[in-house]
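Participant: Single-letter residue listing:
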Amino acid sequence: MAYWALEALDGSKTALSSLDRVEGTDPPAYKLGCVRGTTTPLLQMTDKIEIEVKELTEDSITFVLSGCDTSTANALRRVMIAEVPTMAIDKVEVLANSTVLHDDFISHRLGLVPLFSLLARWGDKELVPYRHGDAATYGTDSETGLPLDQTFRFNRDCDCMTTCPKCTADFTLEVACNQDETLEVTTRELKPDQPLRCYAADGRRREDDGDFEPDASAGGEHILLVKMRKGQKLHIRASAQLGIGKEHAKWSPCCTAVFAVDPTVIFSEKVYATMRDFVDACPKKVARPHEPRDYLVADGANEESCVGERERHFRFTVESTGALKPEEIVERAVLKKKLRDVQANLIAVVDNEEAIGRG
Amino acid sequence: MADGDEPPQRVEIEAGGDTSAATFTLHNEDHTIGNSLRYVLNKDPQVSFVGYSVPHPSEPKMNLRIQTVGPSATTVLHGALGTLYEITAHTKETFERALEDFKAKQER
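These protein sequences, in sequence, are chains X and R.
When the letters of the first sequence are read in order and numbered with full-length UniProt numbering, they come out as residues 1 to 359.
When the letters of the second sequence are read in order and numbered with full-length UniProt numbering, they come out as residues 1 to 108.
FYI, nobody ran anything at the bench for these hints, they're computed from the structure.
Everything numeric in this text was worked out from a predicted model, so none of it was measured.
Check before you lean on any hint, since a few could be wrong.
A few chain X residues that face chain R, going by a derived Cβ cut-off under 7 Å, partial list only [as the list claims (entries may be wrong)]:
| # | residue |
| --- | --- |
| 1 | V53 |
| 2 | D69 |
| 3 | V334 |
Which bits of chain X does chain R cover? Going by a derived footprint, with three or more residues having C-beta under 8 Å, they are [what the hints assert, rightly or not]:
| # | region |
| --- | --- |
| 4 | 71 to 80 |
| 5 | 155 to 168 |
| 6 | 320 to 333 |
| 7 | 338 to 348 |
Just so you know, even glycine gets a beta-carbon here, dropped at the ideal spot from N, CA and C.
The shape of chain X in the complex, shown without the other chains (with noise of 0.2 Å):
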């Protein structure tokens, strides 16, 4: 039953989407929910999303996301968090460990290391800017033969029997301390199989010099794994794998990824002519003179002034781990594939549905 209505309504059943957008406005608006063939437009979309980027450091970005619902901004919010993929160490084997750190904890610290992929992603054949060059010297990464711009993909998709290449980049700690001191052992040691692919993000780098030493200048610095004392030795190879947040706090590429709403102060009229000089010299205009229909006084609230949520205006301020730039982030946090393939299963379900009704 569902299927027909599906298809009378919709015209085709593989149409995607029944939106329209409506021609010649800027930004676009469009008619909600409506249905092709069906003659009212039902709505249009009043959204009219504007983003400023107020900041950009090598390791937060700071926005202001306005024009949209409160639920659109948690949702990006949301996935910021929870659903952008990145690589970290999932898989450790121990073959050696005379530290004073069992073998456990270590793999815990091991896992929790921000790796820098540019080849973390949702797919595997969108096209990525490699770090040493663009789209025409890609090249091939000379130990694994893969494509560089060949993406990470996540090891349950993957064709491997266990792992590959494809799905996992590998890393060995081979430390023994010989030394009268204490020997601190960083993300320094945590040599990579596959360097260009994969790397820890202990700090940032300097650009285009095929150094990896992290910029101490800019702040950058290895990350403490173990300490260890004379005669000790670690001998770690672990494997890092594509994960979303959702699955383990280790994935996500977030340290931070909140978004705050801005007051609206309003004054009466009275208070605004004893004031008027000190809400005129704001240069943002924060107070204006007081309308009753604006707000609802509450029971005992001050009405001589009312402090309000501005509204469907958002200051988001994100922090990266390391994992990714903080401008990729919000970049990768769109819904966009997650929506397709719930609107592919609602026409599978209902084509299923159908079929059984006939049989």
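Given chain X's structure and the hints, the job is docking chain R onto it.
Facilitator: Here is chain R on its own, set in the frame of chain X:
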């Protein structure tokens, strides 16, 4: 698609008395899609009621109830997914433009 190769079923439909009302169960989804879908559907004048719930935080599923004034609930949900897709696509475009503007301003 070969047997066993099919994607896991992510949507279940529990139809109401007729096609105008139905409860959809979206597996592996949560408030991220739930709340934004509810917002989009609420704006649709064809929809007389829409609500969503995540029955238990450790159960990865989300229930979405839609009642319409006539058209099939499935069609309306399908349209809402399309709308949300366009919103996210537009947000991404807008962000990329904003980032370019910002970088251009920095260079000046």
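Participant: Does each hint hold? Answer for all of them.
Facilitator: Hint check:
{"no.": "1", "hint": "V53", "in the structure": "holds, 4 Å"}
{"no.": "2", "hint": "D69", "in the structure": "holds, 5 Å"}
{"no.": "3", "hint": "V334", "in the structure": "holds, 5 Å"}
{"no.": "4", "hint": "71 to 80", "in the structure": "holds (count 7)"}
{"no.": "5", "hint": "155 to 168", "in the structure": "violated (count 0)"}
{"no.": "6", "hint": "320 to 333", "in the structure": "holds (count 3)"}
{"no.": "7", "hint": "338 to 348", "in the structure": "holds (count 10)"}
In the structure shown, a violation is registered for the earlier hint numbered 5 alone.
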